[in-house]
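Participant: For this one, chain A is given, so just place chains B, C and D on it according to the hints.
Chains as they are written, first to last, in my numbering: chain A, 6 to 373; chain B, 6 to 373; chain C, 6 to 373; chain D, 6 to 373.
Note that these hints are calculated values from the structure, not bench results. Certain hints may be false.
The list makes no distinction among identical chains, and a pair is therefore deemed to hold if it is satisfied within one copy or across any two copies.
To be verified - Pairs of lysine-lysine residues, derived as BS3-like cross-links and limited to a Cα-Cα distance of at most 25 Å, are as follows:
hint : residue 1 : residue 2
1    : K8        : K37
2    : K231      : K272
3    : K8        : K49
4    : K231      : K49
5    : K12       : K37
6    : K74       : K231
7    : K64       : K37
8    : K213      : K8
9    : K272      : K325
10   : K37       : K361
Quick caveat, the model's predicted, so the values are computed rather than measured.
There are 4 protein chains.
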Amino acid sequence: MSKPVRKLKIAVSGLGRMGARHANHFLHRTPKAELVAAFTPDQKEVAWAREHLEPWGVKIYTDFDELLKHEGLEAVCVATVTTAHAPQTIKAIEAGLHVLCEKPLSTELAICQQVLETAARHPKQKVMCGFSRRFDSSYVAAYTQALTGSIGRPTILRSQTCDKYDPSGFFVEYAQFSGGIFVDCNIHDIDLALWFFSAESKGKVLPKVKSVVAFGVTALEPDLAKYGDVDNGVGVVEFYDGQIAYFYSSRMNPPGQHDMTEIIGTKGKLSVNANPTVGLLESHLSTGIHRDIPQNYYERFEHAFVEEARQFTDAVLEDKQVPIDLTSSMEAVRIGVALQDSLRNEKKIFFDRDGKRVDEVGQARAKL
Amino acid sequence: MSKPVRKLKIAVSGLGRMGARHANHFLHRTPKAELVAAFTPDQKEVAWAREHLEPWGVKIYTDFDELLKHEGLEAVCVATVTTAHAPQTIKAIEAGLHVLCEKPLSTELAICQQVLETAARHPKQKVMCGFSRRFDSSYVAAYTQALTGSIGRPTILRSQTCDKYDPSGFFVEYAQFSGGIFVDCNIHDIDLALWFFSAESKGKVLPKVKSVVAFGVTALEPDLAKYGDVDNGVGVVEFYDGQIAYFYSSRMNPPGQHDMTEIIGTKGKLSVNANPTVGLLESHLSTGIHRDIPQNYYERFEHAFVEEARQFTDAVLEDKQVPIDLTSSMEAVRIGVALQDSLRNEKKIFFDRDGKRVDEVGQARAKL
Amino acid sequence: MSKPVRKLKIAVSGLGRMGARHANHFLHRTPKAELVAAFTPDQKEVAWAREHLEPWGVKIYTDFDELLKHEGLEAVCVATVTTAHAPQTIKAIEAGLHVLCEKPLSTELAICQQVLETAARHPKQKVMCGFSRRFDSSYVAAYTQALTGSIGRPTILRSQTCDKYDPSGFFVEYAQFSGGIFVDCNIHDIDLALWFFSAESKGKVLPKVKSVVAFGVTALEPDLAKYGDVDNGVGVVEFYDGQIAYFYSSRMNPPGQHDMTEIIGTKGKLSVNANPTVGLLESHLSTGIHRDIPQNYYERFEHAFVEEARQFTDAVLEDKQVPIDLTSSMEAVRIGVALQDSLRNEKKIFFDRDGKRVDEVGQARAKL
Amino acid sequence: MSKPVRKLKIAVSGLGRMGARHANHFLHRTPKAELVAAFTPDQKEVAWAREHLEPWGVKIYTDFDELLKHEGLEAVCVATVTTAHAPQTIKAIEAGLHVLCEKPLSTELAICQQVLETAARHPKQKVMCGFSRRFDSSYVAAYTQALTGSIGRPTILRSQTCDKYDPSGFFVEYAQFSGGIFVDCNIHDIDLALWFFSAESKGKVLPKVKSVVAFGVTALEPDLAKYGDVDNGVGVVEFYDGQIAYFYSSRMNPPGQHDMTEIIGTKGKLSVNANPTVGLLESHLSTGIHRDIPQNYYERFEHAFVEEARQFTDAVLEDKQVPIDLTSSMEAVRIGVALQDSLRNEKKIFFDRDGKRVDEVGQARAKL
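In isolation and in its complexed conformation, chain A is listed as follows (with noise of 0.2 Å):
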């Protein structure tokens, strides 16, 4: 008789529209992986788990910390909403867990700096921030035929995310809590740029910024300027050695979720998603041929969401490297803290070559 399969106990923190996926995934779609906790403080998600949870013998805590106490449990994914993604991972790297943490890690750069110096204390633990598009399969074809040198070097990233409008208007709120368009749209296409363009040290050296400056619009959403926030955002990156990324954010796509990507080398360029669909139907009807597009980023991005919870799994149960390094994701935040400054004061904004903002370019100049 064969020996039986080991599987990583892990929790899911957060039952909301993400968490709930999370969960999911982790119960019914991670092999290796047993769901056997859920922490969340709401009672219309407590109910939605008590139906969909506990009758696969997940148990639910409305109190973080006893979460942290279920026996044997050894990971917890934490999906709250932003602001908790750093006291609630903080806390679990504490308590001897690993974590995966929705992105991003915090829309403060010294509280990012908390979680990695926390990480840092606890070697052991796995820490992965989540960025699903590192895992989606067309990205990693991507990412695979940049390594082959095919493209030459990768030089221009151009990245957009662009969600569908939700004329509810929900995310005016959010606003005040999401860092901005930059922070919490756009972080997905700087972290994509950081992914290309440290292809070459295959991730082991970040490219440096230069200088960022960003643009925006209330074009559907006015209410959004109280937040320093737009519904629709230009953003262009510069690194040092000669490396441009420029990206593109909108609240007001009305078929559905497009992000798309081009990475630009000296030989070729890679194309992510410029032709959207929603699968591989076509009506040719009397109005024309049409075709779908995906309605959110879930439906966009389902599937590397699951690959993003295998490879966490693994990565765990084998004791490997996890695939995104936390260094990366923080100075995805600081990127994007930086474009969302850029956007509200109106300037150009500088940086030398350690990271340090100066405060104009005859300064960063003078570091070259």
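Facilitator: Just chains B, C and D now, kept in the frame of chain A:
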């Protein structure tokens, strides 16, 4: 405390290419199913099962009759060689089990008939033949749209099954058991015709075949001729009441698997996979723009197979009708066999409205 | 001072839909041609010509025989009703003129034969039947690529001609003269099969038909039945030496004109217009992504018609072989007529290698 | 007998790459124009003209002033080197001629201003700067659709001009006269932004620039740096009243020319050329699916240039307003120059609502 989830105890018979996949799906990707056992007479497959199934608590059998006696077993998924499909299905039904059988039931009509009769004698058990495309999200979206009437009456259906060329010539020897290209490959396309052409009656009334004709060539594998088979086939099926389906199958598609279908109605057309691709990546290189397509049937339809397992499981657990009727699955074989006959004898073959072959067009017409 | 350019003095016969377009092409878009005259017996067309042709120096005739005597006339483009194609072509040849004749030469084989015989008696004059798709840049690119051998031997050809539905029902009455859907629409697809399947010999050896079969329905226009015609047709043509072409034609495509072709070789496939569009615009709206396709045959093939005029003109001026051989154009009619016969009598039709119809498969086989 | 057609007697100045094309268009593809003369000081171009233009009755000049005195000359198309655009245009206007001038009017604003002033003093003469994309059928379809309001208010415009990499490095030396990549390449994209962002007023009110910023790298041609230029540029232009345009230009696109534009409105998006292709052919080979794209700007926009010639000719003959206003063409230069400045001095540049540069964001803001 909530009531624990009830899971369907299922076994898989056959652990070859497709059997191993079915085992994985029931083991890891069908939350409400529990893979409790597996059967294979093949020592190589047994070794695989010891490594990949046994550690998850799956009992391995090398005797099919023993498998059927596995305690608590409720259902079996038959995924052995084609010639064993029907005998195992019949045995399993008679042992009181629900059965999901890989397509085709058999390459012989009389044997299909036996399966149907056996199933009819056990009306409380679910028996379904697995036509995977009916569970593919793009085909489901097309069917759903056809039901709304947006394309009017489905009138013409074009469908193709094109495999990547396998230079090993594996499929040549396989041809002696497969029933031929129309029974082995185009049976999926035939099933789609039956599905869409019975949409008007929500599947209750199958369209009646009036005539069939088939053509073929052995472009790359002349040895296929010894089994009355070809590597490229073209067939047309004419139905009474003004509907036509035409098919193409090929064993020599260089880039990979390209299965596509058009459902042409009086008001519009639905096209599934006219523009094949394996993901959302395109490469812009000095040689032009490139994309890849799926390399095999499973790469194209993996999610459909998983969905098939889930829906079969749900149908059993909730005592619902299975999504595909056995009558239709047998009719697909009948049409496939007739096409293969037409290929071999180079004649157009006619049927009367009762489904009997008639020798001449005159005879068929007299029945109108 | 350079020698002035010599221009071909040409006339257009017939100023209906296509005739007026040909007149425009020779007048304005064929630099080396000079449209000197035009003929039409129709008063409405005469009025159009007075406004659109006469101011450019084009003489208008209402008597075809007078047209032929126009001083200095060298060539005529015959674009009248189908029944006049052959008589006018013959007269023009006998009057010493070069002739570009719209397809088909005739819907009757015996009459096609007369044209060929007349042309053979005047070997110095150029006579060409205008199969426009051979001048379309995408088809030319496909043919050029086929000639390189990159797809191996062209083995299967699929081609369709689908017109936008015309609710006026114009095409119903037109059916009594058109020769039927296979002669009127699919003749283009048949011509493509002859073109690609003779690529091996650079057009010198046409493939030999072994059998044909056709099917059809009257989905929207039952009145077509009185002319032995249908609004949707499916046909298969089997050639000796292992090549098959299969066709679809429709009068009811809602979004517009969708003509497409696949040339499937032993090493690859060339696909022309699998992904139809009228330009490069897509609209992303709340109802999904939309694009338009050409509304009619001319919108799709306008540039091909212009190129046809240019190449015919060049062939005459430079005394070169015309790009399309008359034998091939007559063969296309023969196949189209056989398909239409098969549609009407519901039989598969066989030919021996000399192109004679034989009654049974046995007879055809005996010739092998 | 109808009155003969009146044709516009036009000359082309400059017979380099674009000049020769313009000459061809007016000679052979603009029915109502008559190319009567051409000027070039270059002996190689003179030889070309003797062979290709003179036989059609075109008189060749090697002195521009002599050209202007050609009897009966009504208009001139200026297609010389950029530095000669403005002087020749001014001379031609003063000689009483209508002028179609290649873009840009000049790379210097003061000189553009002289052209506008000269044109203003001769209000009866038509003067237009040829921004070819405005005549491309896909862009025209997009603009037409934008006018209907279907995408709401155009708010964000993304546009790129990417040339196929020319390993000869021709464009390096050319950079010293071109005004830089933003003036030479992105000027088309800037013009599109002005066009679409003034659609609300049907072109009467141009959007007002608030700030611009640009970035660039020399990925393949470091020598460009000596002319303050780059081979990849990213620029953003912010307009007062809530509109943003962002641009990308590249000299290193391997497969060919890829110019594309997205016009993003509050209710939808129009995308032009997201899915580039040179025609309707795709090749399905063992290496995947392949397609080609246009190899250069002319291959992409040939028909637009022809349409430009036709519309200019019609505007003159019918004394209508030319389709592109000179003010807008000068504004495009102003923005291009500002972007190039921003690239060179690494600063974000601000404008007040009167179009004057202001030093700081504060100053610009004070004007709000």
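Participant: Against which earlier hints does the structure fall short, listed by number upward?
Facilitator: 4, 6, 8, 9, 10
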